[in-house]
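The lines below spell out each chain.
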Amino acid sequence: EAQVTQNPRYLITVTGKKLTVTCSQNMNHEYMSWYRQDPGLGLRQIYYSMNVEVTDKGDVPEGYKVSRKEKRNFPLILESPSPNQTSLYFCASSLVPGYEQYFGPGTRLTVT
Amino acid sequence: AQTVTQSQPEMSVQEAETVTLSCTYDTSESDYYLFWYKQPPSRQMILVIRQEAYKQQNATENRFSVNFQKAAKSFSLKISDSQLGDAAMYFCAYRSNWYALNFGKGTSLLVTP
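If you read the sequences in order, they're chains A and B. FYI, the numbering used here numbers position 2 of the first sequence as 2, with every residue one higher than the one before it. FYI, the numbering used here numbers position 46 of the second sequence as 46, with every residue one higher than the one before it.
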């Protein structure tokens, strides 16, 4: 089944404790992206990747890191999480620009 | 950055009726793509419909259709014969060729029996 998977689905952590949210797709998509969703703000792009080893900042990259060492994986790293990073996070992928993005199920992160 | 505006935070429709959700966007580009996504309570993001800017014909997917007005930079979604399962948050999104996808803030659709 074609899908985007994210882990964990739920995470509660404390300020400053490094964490990684994994994202993997099995569709051989070139393009992957991370978004955060906050009430009243819609989805905002954090980082995106056009291919292996090619990443770029989205609209809200501060406090996040990403890497793309393999085509299928695009982890999101919070090296020192803060409470303002409490949010719902989505990973997405697509074959080429203009095609629909396939979204993962979301990761609910709470930073206390 | 391109902006996407959904002016209706909430909408309500009766089952079997038709509802239109509004979306406007701001861009200086001529070639781009527009999408409507649905987010039900499960939080999964589901693509509803897609429109390429170079196509004059409005996209249609079963009960869902769009009214794309390029000059006015308007991209509304019409849901016909509304069903209880259509209740969700709907997001309009704009995608340029530069790999950026910009979402509106969403419209919450309530469907009443």
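Be aware that one or more of the hints could be misleading.
Unchecked claim - Where chain B lies over chain A, by a calculated footprint (3+ residues, C-beta under 8 Å):
1) 11 to 21
2) 62 to 75
Said to hold, decoys possible - So these bits of chain B aren't anywhere near chain A, every CB distance computed over 12 Å:
3) 6
4) 9
5) 11
6) 15
7) 17
8) 18
9) 37
10) 82
11) 87
12) 93
13) 112
If you're looking for bench data, these hints aren't it; they were derived computationally from the structure. Quick reminder that beta carbons are idealized off the backbone N, C-alpha and C, glycines included.
Quick one: which hint numbers does this structure break? Sort them smallest to largest. Numbers 1, 2, 3, 4, 9 and 12 - these are the hints that the structure violates, sorted from lowest upward.
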